[in-house]
Amino acid sequence: MLEVEALHTRYGPVHALDGVSLKVEAGHVTAVLGANGAGKTTLLRTISGLVRPTEGRVLLHGKDITRTPIVEIVRSGCAHVPEGRGVITELTVEENLRLGGLHRGKEASPPSEIYELFPQLVERRTQPASRLSGGERQMLSIGRALIARPRVLLLDEPSLGLAPLLVAQLMACIRGLADNLGLAVLLVEQNARSALSVANRGVVLNLGKVVADRSPEELQSDEQLRHAYLGF
Amino acid sequence: MTTFIDYTLNGISNGAIYAAVALALVLIWRATRIVNFAQGAMLMITTYIALAVTNKTGSYVLGFIVALASGLILGALVERLVMRRVEDGPPLNAVIVALGLYTLFVAVAGMIWSDTPRPYPNAFSILGYKVGGTRLLFAPDDLFIVVVVILIAAALAALFRYTSLGLQMRAAAFKPEVARLLGVRVGRMFTYGWALAAMVGAIAGVLVAPSVFVAPNNFDPILITGFVAAVLGGLDSPPGAVIGALIVGLITSYVSGYEGSALEPLAAFVVLMLVLMVKPTGLFSATKERRV
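Chains as they are written, first to last, in this note's numbering: chain A, 1 to 232; chain B, 1 to 292.
These are computed hints drawn from the structure, not numbers from a lab.
There's no promise every hint is true.
Here are some chain A residues the structure puts well away from chain B; computed CB gaps all over 12 Å [to be verified]:
id	residue
1	49
2	78
3	145
4	169
5	229
Chain A regions said to be covered by chain B (calculated; three or more residues, Cβ under 8 Å) [as the list claims (entries may be wrong)]:
id	region
6	71-77
7	89-102
Because the structure is a prediction, the values reported are computed rather than measured.
No residue lacks a Cβ here, since even glycine has one placed at the ideal position from N, Cα and C.
Next up, chain B with everything else stripped away, as it sits in the complex:
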C-alpha cells in the first residue's frame, strides 16, 4: 500500500512538470496553430542561463526569476524574428522551422556549455516527508513543484478569463481576422502568446533540471511526455493539458514503479498511440460549434 501511495505522489509531482511543458505547447498551439517542437530546446537554453545566474550569485530564487525573464524574451524573439514568417504558410513549414530551431539551439548550447551534464540545485530538501515512521517518496521539493505549477495554471486561467489582454489573446487565437476588425493588434497578441508559453516552459525547465541534470539533450524526454499530455488534453485546452499531464504522470509513474523505469518512455508512447487511435481530438477539446 505504501508503495502505491509513493508511486501516486511521485506521479503527481512528475505530472506537474509535464503540465508546465504541456501548457507551454498548448499556449502556442492556441495562439498560432503551431506545435512548437523547439520548446524543449528553448527551455534548455533558459535553464542554462538560470544555472549560470544561480552559480554566480548562489541564489536559487534569482536563477528562477532570470529563467522566467529569459523565457519571455526568448519566446518573443523566436516569434518575431522566425515564426512570424511561417505563420501564414502551410503548417508543415512551421514544423520544419521549429525542428530547425531545435537543432540550432542544441548545437549552440553544446558549443557554449559543452555536452557534460551539470547538476542543478533543488529548491528545497529532497528528503521525503515522514509519515508514521516511513519516509514517503514525496519531499518538500516535490511539494514546491506542485505548488508552483498550480500557481501558474491559476494565473493563466485568471489572465485569459478576467483581463482584457487575455480576452484579446483568445480572440486573436480563435478568429484572427475578426479580432483584427475589432481593433485587436493580432500580431502583438501572437508575440505575447509565444513569450508567455516560453516563460511557462522555462519554469518547467528549472523544475525538472535537478532530476535530469542540465545538458543540451537532457530535456527531450520531458518534451515528449509533455506533448503526449497536451494531445491527451486536446491540445487546445489549458485545463485539459493539466489533467492530461496528471494522467500521463500517474501512468508513467505506476509503469516505472511496478514494471521498471526502462518502460517509462514506452508507456508515454502507448498512451499517445491509444489517444490518437481512440479519440484523436483528445479528452477535453472544445465541442465543435453548431453550424447554423
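Next comes chain A alone, as it looks inside the complex:
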C-alpha cells in the first residue's frame, strides 16, 4: 500500500532522513518510534510531499509519488494528520470537517459519519475549533482526514498532550480504523508503549536511520533497544 525506499531528506547540512525504508500494508498499523529529532516527523512530511527527498522513492499503491504535487498525493488517498495544532482554530468544527472532504466532492463521507465515530464533536459543531480541548482537537484532525475516505493515514504524535485514558481510547480507535476500514496507518509516536500496543509492526528511528524494524513483541522483549530508544 505505502512503501518507502531508501529515503534521504536534508535540511541544509542536517541529514534528517538517512536512507529510511519501510512498508505499510492495508489493514496494518506501523508505529514509527524514536526520540525527538530522530526524523519521525520529517518522514511523514517527506511522504506527503511537504518536503522533498534528495534520494529514494515513495510508492503509493505501487505508484511513484516522490515528485507528485501535494494536492495530487492527497487526492490519491494519502491523508496526513499533522502534529499538534493541525486544526484550523479560526474555522468552526463543521467547517474543518467539510474542508477535509472538499477535494473528494460527492465521494467524501457525510459529516454525520464522522460524528458517529466521535460523538463529542456533534454538540460543538457550530463552535470555532479554538474552543475545543486537546483531545477534541485530535479527534477533529483525524475525523477531518477520514472524511475524504483515504486509504493511507499518516498520524503525527496523535497522543501528544492527552490524558492517559484518552490515549488508550485513541489508540483503540486507530486500531479500529485499520481493522474495520482497511486503512494503512503509519503512526508516529513518542509514546512507544501505547503505540506498540496497537501496532502490527514497530520501526525505530535514530538520527534519521532505521535501527530496528520488527514485530511489537520482539521490540518489547529487547531490553537494550527499549532502554536506548523507547524510554520504557
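Position chain B relative to chain A; hints supplied.
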C-alpha cells in the same frame, strides 16, 4: 442641527468608499500577510481604464464593469508574476516590492495618460435630497455609493461564509500548510484573494473618482484613509474594516466640517496614532486562540 446631519451623511458616504479600500487591503492581508501599498496605484490604473471605456462608449455602467474585470485581472497578474516571489520571504521584502509597484504604476500612468487631472462622471445626480425645504448634503449619487459598498460587503461575507471556495480561501489564509494537506490549492487561493481584493479596490476607485478627479497621484489620500480604517478594524476582519471605515469617515467628516477641510488628513493620522498607541491589534481583531 441640519449641519450635523449633513456632516453625518457625508461621513457615511465617505466611509463607504474608505470601506471598499479597507476591504481591499484586508482581503490581501488575510490571504497573504502582505500590506498592499500598491493598492492605490492599482485602483488608479483600473479607474483610468474604466474612464477610457466610459468616454468611448458613453456608458457609465460599461465603464464600471470594465473596472471590475480589469481589477480582477490586474490583481491576479500582480500576485502571479510579482508577489508570488516574495510571499515566503521576510515581510519587508513584500512591502518594498509593493512600494516599487506603486512607483511603477504611477510612472506608467503618467506616461500614458499625462498628469493632467481628468473629470470622471457621476453615476447619479449630485444634487442633494430635499427635506422640508432644505437640501441635504446627501445626493442620489451618495446613496448609490453606500448601496454598492453594502452589496460588496454582503457578497464577500456570503462568499466566505457559505461557499466552498470561500472556505478554502480562509483555510489557505489561516493555515496554508494544513490547507495544502487537505487538498486545497493554496497558491491558487492566494491568486483569487489578490484578484478579489483588486476588484474591490477598483470599485472604490470608480466611486471616488468623480470627487477627486483622475490623475496618477489623486488616489493616494483615500488609500491612506482606507489603511487607517483597516488598521482600526484590526486588519484581519472584513466586518471590522467596514466599521472602522465608517468611524474614520464620520470623524474626518466632522473635523473637516467644523474645523476646516485642511485638517481632514491630519484627523486620519491622529486616529491611526491613537489606535497604534492604545489598541494596536485594532478594535475587531480575532481573539487570540487558547493554547492547549
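| request: Return the numbers of the hints above that this structure violates; sort them in rising order. | output: The structure breaks hints 1, 2 and 3; every other hint is satisfied.
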